[in-house]
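Peer 1: Each chain, letter by letter, is given below.
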Amino acid sequence: MSKNIKFLVSLLTLIIIFIILLKGLDVSKDYSNEKLKSQIDFSLNAKKLFSDEIINISDLFDKNSPSVVNIWASWCAPCREEHQFLMKLKDMNINIIGINYKDSPKNAKNFLSLLGNPYSEVITDNDGTKSIEFGAIGVPETFIISGKTNEIIKKYIGPLTSENLIEIEKLLKKNA
Amino acid sequence: MSNYLGNYSLYIALIASVYLIFKSYLDANSENKYLDKNFILITSIQTIMITVSFFSLVAAFVISDFSNETVFNNSHTLKPLFYKVSGTWGNHEGSLLLWLLVLSIFLFIFLLNSRSQDTKYKLLTILFQQIIISGFLVFILLTSNPFKTLYPIPSEGLGLNPILQDPALAIHPPILYLGYVGTSIIFSASLASMISGNIGDKWARHIKKWVLVSWIFLTIGILLGSIWAYYELGWGGFWFWDPVENVSLMPWFCLTALLHTVIVLQKRNSFKEWTIILSITTFSLSMSGTFLVRSGILNSIHTFANDPSRGLFILCFLFILILMSILIFFFNQNKISNTAKENFILSKETAILVNNWFMMFFLSVVLVGTIYPIFLEVLNGSKISVGPPFYHNLLIPFLIPFLIFMSFGPSLKWIKDKLKKFNYNILIIFFVSLLISYVILTKTENSFLLSIPLIVLSIYLLLVTIKDFFVSKSSISQKISHFGFSLLITSILLNGLFSNEFNSNMKVGDERIFNEKVVKLKEVNVTDVDNYKSLKASFEVTNKNSSFVLYPEVRIYQQPLTITSEADIKTTLFSDNFLVFNILKDDGYYNIRYQYKPLMIWIWISTIFISFGGLLSVVRKNEQKY
Amino acid sequence: MLKIIKLILLLYFSLNFSYAAEINTKVDQITKNLRCLICQGQSVYDSQSDFAISMKLVVKNKIDEGKEEEEIYDYLKNKYGEWIVYEPELNQNTFLLWSIPLILFAFGGLLIIRKVSIK
Numbered sequence: 002m003s004k005n006i007k008f009l010v011s012l013l014t015l016i017i018i019f020i021i022l023l024k025g026l027d028v029s030k031d032y033s034n035e036k037l038k039s040q041i042d043f044s045l046n047a048k049k050l051f052s053d054e055i056i057n058i059s060d061l062f063d064k065n066s067p068s069v070v071n072i073w074a075s076w077c078a079p080c081r082e083e084h085q086f087l088m089k090l091k092d093m094n095i096n097i098i099g100i101n102y103k104d105s106p107k108n109a110k111n112f113l114s115l116l117g118n119p120y121s122e123v124i125t126d127n128d129g130t131k132s133i134e135f136g137a138i139g140v141p142e143t144f145i146i147s148g149k150t151n152e153i154i155k156k157y158i159g160p161l162t163s164e165n166l167i168e169i170e171k172l173l174k175k176n177a
Numbered sequence: 018m019s020n021y022l023g024n025y026s027l028y029i030a031l032i033a034s035v036y037l038i039f040k041s042y043l044d045a046n047s048e049n050k051y052l053d054k055n056f057i058l059i060t061s062i063q064t065i066m067i068t069v070s071f072f073s074l075v076a077a078f079v080i081s082d083f084s085n086e087t088v089f090n091n092s093h094t095l096k097p098l099f100y101k102v103s104g105t106w107g108n109h110e111g112s113l114l115l116w117l118l119v120l121s122i123f124l125f126i127f128l129l130n131s132r133s134q135d136t137k138y139k140l141l142t143i144l145f146q147q148i149i150i151s152g153f154l155v156f157i158l159l160t161s162n163p164f165k166t167l168y169p170i171p172s173e174g175l176g177l178n179p180i181l182q183d184p185a186l187a188i189h190p191p192i193l194y195l196g197y198v199g200t201s202i203i204f205s206a207s208l209a210s211m212i213s214g215n216i217g218d219k220w221a222r223h224i225k226k227w228v229l230v231s232w233i234f235l236t237i238g239i240l241l242g243s244i245w246a247y248y249e250l251g252w253g254g255f256w257f258w259d260p261v262e263n264v265s266l267m268p269w270f271c272l273t274a275l276l277h278t279v280i281v282l283q284k285r286n287s288f289k290e291w292t293i294i295l296s297i298t299t300f301s302l303s304m305s306g307t308f309l310v311r312s313g314i315l316n317s318i319h320t321f322a323n324d325p326s327r328g329l330f331i332l333c334f335l336f337i338l339i340l341m342s343i344l345i346f347f348f349n350q351n352k353i354s355n356t357a358k359e360n361f362i363l364s365k366e367t368a369i370l371v372n373n374w375f376m377m378f379f380l381s382v383v384l385v386g387t388i389y390p391i392f393l394e395v396l397n398g399s400k401i402s403v404g405p406p407f408y409h410n411l412l413i414p415f416l417i418p419f420l421i422f423m424s425f426g427p428s429l430k431w432i433k434d435k436l437k438k439f440n441y442n443i444l445i446i447f448f449v450s451l452l453i454s455y456v457i458l459t460k461t462e463n464s465f466l467l468s469i470p471l472i473v474l475s476i477y478l479l480l481v482t483i484k485d486f487f488v489s490k491s492s493i494s495q496k497i498s499h500f501g502f503s504l505l506i507t508s509i510l511l512n513g514l515f516s517n518e519f520n521s522n523m524k525v526g527d528e529r530i531f532n533e534k535v536v537k538l539k540e541v542n543v544t545d546v547d548n549y550k551s552l553k554a555s556f557e558v559t560n561k562n563s564s565f566v567l568y569p570e571v572r573i574y575q576q577p578l579t580i581t582s583e584a585d586i587k588t589t590l591f592s593d594n595f596l597v598f599n600i601l602k603d604d605g606y607y608n609i610r611y612q613y614k615p616l617m618i619w620i621w622i623s624t625i626f627i628s629f630g631g632l633l634s635v636v637r638k639n640e641q642k643y
Numbered sequence: 279m280l281k282i283i284k285l286i287l288l289l290y291f292s293l294n295f296s297y298a299a300e301i302n303t304k305v306d307q308i309t310k311n312l313r314c315l316i317c318q319g320q321s322v323y324d325s326q327s328d329f330a331i332s333m334k335l336v337v338k339n340k341i342d343e344g345k346e347e348e349e350i351y352d353y354l355k356n357k358y359g360e361w362i363v364y365e366p367e368l369n370q371n372t373f374l375l376w377s378i379p380l381i382l383f384a385f386g387g388l389l390i391i392r393k394v395s396i397k
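Residue numbers (the working numbering), protein chains in the order written: chain A, 2 to 177; chain B, 18 to 643; chain C, 279 to 397.
A couple of the hints might just be wrong.
As the list claims (entries may be wrong) - If you want the ones that stay clear, here's a sample from chain C, every Cβ over 10 Å from chain A, calculated:
id, residue
1, V336
2, E347
3, E348
4, K357
5, Q370
6, F373
7, I378
8, I381
9, L388
10, I391
To be verified - List of simulated lysine-lysine pairs, DSS-like, C-alpha gap at most 25 Å:
id, chain 1, residue 1, chain 2, residue 2
11, C, K393, B, K433
12, B, K537, B, K561
13, A, K156, A, K89
14, B, K219, C, K393
15, B, K226, B, K496
16, B, K524, A, K103
17, A, K49, C, K340
18, A, K64, A, K4
19, A, K4, B, K484
20, B, K352, B, K430
21, B, K352, C, K357
22, A, K175, C, K393
23, B, K553, B, K539
These aren't lab readings, by the way, just hints derived from the structure by calculation. Don't be surprised by glycine CBs; every beta carbon is placed ideally from N, CA and C.
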């Protein structure tokens with residue numbers, strides 16, 4: 002290789018690396034993996050919070066329209082924060098399924114009687130394995146799940162905000 | 018008060034820096050024979066100013082002056098004095114100030130130490146070093162000023178992350194920085210020698226000291242970081258291939274290559290361009306380390322609070338420095354006098370080339386593994402993790418040829434060596450190591466295909482390096498470092514092969530049997546200590562004929578609320594027994610993790626041997642001078 | 279050509295030179311290769327966070343159901359993305375990751391051969 006080619010190659014490599022790292026600075030630390038289209042195993046069984054009855058989770062979902070799933074716990078402070086938004090979603094006649102994460106049934110019931118119950122049904126997840134089926138990493142997390150394909154359409158990590166509400170409404174209409 | 022003092026001394030240092038950049042640039046283009054006396058004067062003023070600034074920050078930490086934002090964010094009145102002081106560099110702003118301090122002190126020492134060198138070369142070194150210093154000064158003043166004030170003055174600080182309250186970690190950053198910053202002098206000096214055209218054996222002798230010193234500090238710095246991870250993080254490992262650890266290992270590989278190459282330049286006046294390339298790369302890697310750690314582009318346990326403008330600044334600064342060095346390298350290449358000699362296959366020169374070849378390979382594995390996820394995410398949005406299995410799979414197989422090579426490479430002669438007559442000693446040593454390995458390997462059920470040659474070769478190399486103490490004519494420092502290296506590899510391999518552990522949930526009074534040992538949880542004591550609540554457990558470990566007690570601890574800190582697990586480790590010359598426990602939500606149960614780790618202490622000792630060899634070499638060079 | 283290289287690489291890595299401590303059970307082996315997504319730089323195995331505890335349980339359940347190691351990884355990758363696995367599998371995205379160091383090694387070897395006279 003002649004000297005000039007070596008020079009140009011090193012210059013070019015440097016510039017490419019610089020541009021990539023520059024863009025890397027902007028890449029958000031978003032780990033919701035929306036591209037995945039992961040499916041929920043609807044054959045899963047779970048216990049209801051209020052009746053101790055064991056049901057198949059497919060019974061909770063409307064086959065023809067998308068549902069919202071919210072993972073929460075009474076011990077989690079951000080859950081308390083986002084609760085008002087869940088209540089608003091309920092007022093919009095949206096079907097919300099609650100998953101109560103590693104919680105005591107007593108505290109969970111108190112939480113709901115105090116702040117209102119936005120859920121059409123609450124199932125318990127004592128060991129956290131059901132939340133992993135949904136691809137959750139903690140509480141709170143909210144999912145929009147297609148009733149037709151069992152796929153996760155959208156995932157929110159952390160408490161919902163008022164902007165999210167509008168988005169959720171749009172997404173539900175679009176996928177209905 | 019100390020805030021103003023610290024802040025304004027930085028501005029004065031910046032003015033000095035700008036003056037020195039212009040002055041050295043102008044003087045380098047004139048034909049002055051002597052270095053203007055002002056250079057030493059202004060450089061010492063600058064160094065003093067930065068020192069004043071640094072110590073005013075230390076003072077603010079010691080007296081818990083919460084009008085200073087950095088102190089407020091990182092300190093607390095209840096903290097022991099030692100950690101108040103080390104808190105100075107335990108945060109982003111303070112650590113940069115420490116970088117800066119070391120940068121200017123090193124330049125000052127360089128000026129005092131290079132009187133016999135050519136004036137133009139010295140001027141250019143000052144120029145490049147001042148460019149780096151001014152870059153850091155602007156960076157600190159613009160994005161990370163440690164002297165920002167708060168009003169109203171808070172009455173209490175936010176505390177220091179308790180995980181950082183550890184003696185090894187308190188001295189780890191300064192030592193590591195001495196290594197990183199040492200490479201800046203090598204960088205500046207090699208660019209200067211490129212332009213002034215004085216690369217050769219004399220320059221090599223002069224720069225070798227800096228290479229050695231940086232290398233020693235870097236080695237010790239990495240060692241301390243590893244010791245901290247082992248004792249403090251409580252997972253029982255000493256190297257996690259975490260990006261922040263990798264970032265310190267990369268310049269080490271490069272510097273180790275440079276350390277060997279510079280000897281060829283000194284003895285044979287050969288490998289000139291390669292020496293320069295290595296010098297530039299080493300410093301670029303040290304700086305990239307700062308960029309990767311400080312910008313938050315990595316996801317790692319050690320990443321500090323970050324802010325995008327900081328990352329952007331360091332990236333641009335780094336880009337300009339590397340661009341500048343590429344331009345200087347290619348436009349001055351013709352100034353390098355061609356004294357390259359023929360390299361024969363059996364010669365020390367070739368052996369050092371092969372050493373460099375492996376070092377560059379190890380470097381490339383670590384570099385690619387560390388930054389590939391960033392590149393992939395930018396280019397197509399996929400997120401992947403590159404963890405220990407990747408590094409092990411790529412590095413370990415290459416250890417086999419590397420160990421073979423290292424058993425004979427270092428004893429080759431300069432210029433041209435002959436194939437010796439069949440050496441019976443070597444054969445005996447080889448059979449002895451086969452025998453030892455056989456005994457060792459029968460004690461484990463582990464049957465990884467590669468572990469057999471690796472163990473045989475590492476023990477063989479260990480025996481050869483011991484033999485070299487008595488026969489080889491090479492320098493004592495080389496013998497010690499190489500012996501340390503072979504001891505390190507052997508310890509790591511045996512440690513990996515024979516480590517085992519168990520994991521269990523226990524309550525007080527429970528017993529578990531593990532490896533013919535009975536582990537019993539006797540009690541858990543809860544006490545309130547200075548700034549945390551302590552749960553100290555006592556575990557009795559009973560062997561066939563002996564017993565000992567381990568006291569691991571869980572600490573619950575309030576400022577900020579953090580729970581840490583302090584492992585208790587029983588260390589003997591042969592093995593470590595490592596026990597750590599955690600609180601479980603189920604009442605009364607604790608999760609315990611018991612690990613048996615053979616030869617752990619030898620990993621630390623051998624690294625000390627490696628750097629001690631380097632230290633001897635520095636001292637010996639000084640002796641020769643006087 | 280690419281396929282051949284890929285095949286060779288696959289063969290090479292299927293020998294699996296894992297050197298880490300002797301791995302007691304399959305659960306440990308798998309969870310050591312999973313990133314604890316809410317911890318920084320810790321494996322699921324090393325972590326005691328809620329997420330990691332549940333994840334260990336999920337892995338155990340899957341093994342009890344008779345799932346193979348690869349199936350479990352695929353299941354989790356589908357839930358969390360490739361990010362969760364520490365050992366990146368060999369595919370289009372990671373082909374360069376595995377091969378760049380090897381290419382550089384070969385290239386370095388060639389350079390040395392050119393520099394050295396074999397006499």
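Peer 1: Give a verdict on every hint.
Peer 2: Here is what the structure says about each hint:
no. : hint               : result
1   : V336               : violated (5 Å)
2   : E347               : holds (17 Å)
3   : E348               : holds (17 Å)
4   : K357               : violated (4 Å)
5   : Q370               : holds (15 Å)
6   : F373               : holds (18 Å)
7   : I378               : holds (13 Å)
8   : I381               : holds (15 Å)
9   : L388               : holds (12 Å)
10  : I391               : holds (16 Å)
11  : C:K393 with B:K433 : holds (14 Å)
12  : B:K537 with B:K561 : holds (14 Å)
13  : A:K156 with A:K89  : holds (18 Å)
14  : B:K219 with C:K393 : holds (24 Å)
15  : B:K226 with B:K496 : holds (18 Å)
16  : B:K524 with A:K103 : holds (21 Å)
17  : A:K49 with C:K340  : holds (23 Å)
18  : A:K64 with A:K4    : violated (67 Å)
19  : A:K4 with B:K484   : violated (46 Å)
20  : B:K352 with B:K430 : violated (30 Å)
21  : B:K352 with C:K357 : violated (59 Å)
22  : A:K175 with C:K393 : violated (66 Å)
23  : B:K553 with B:K539 : holds (11 Å)
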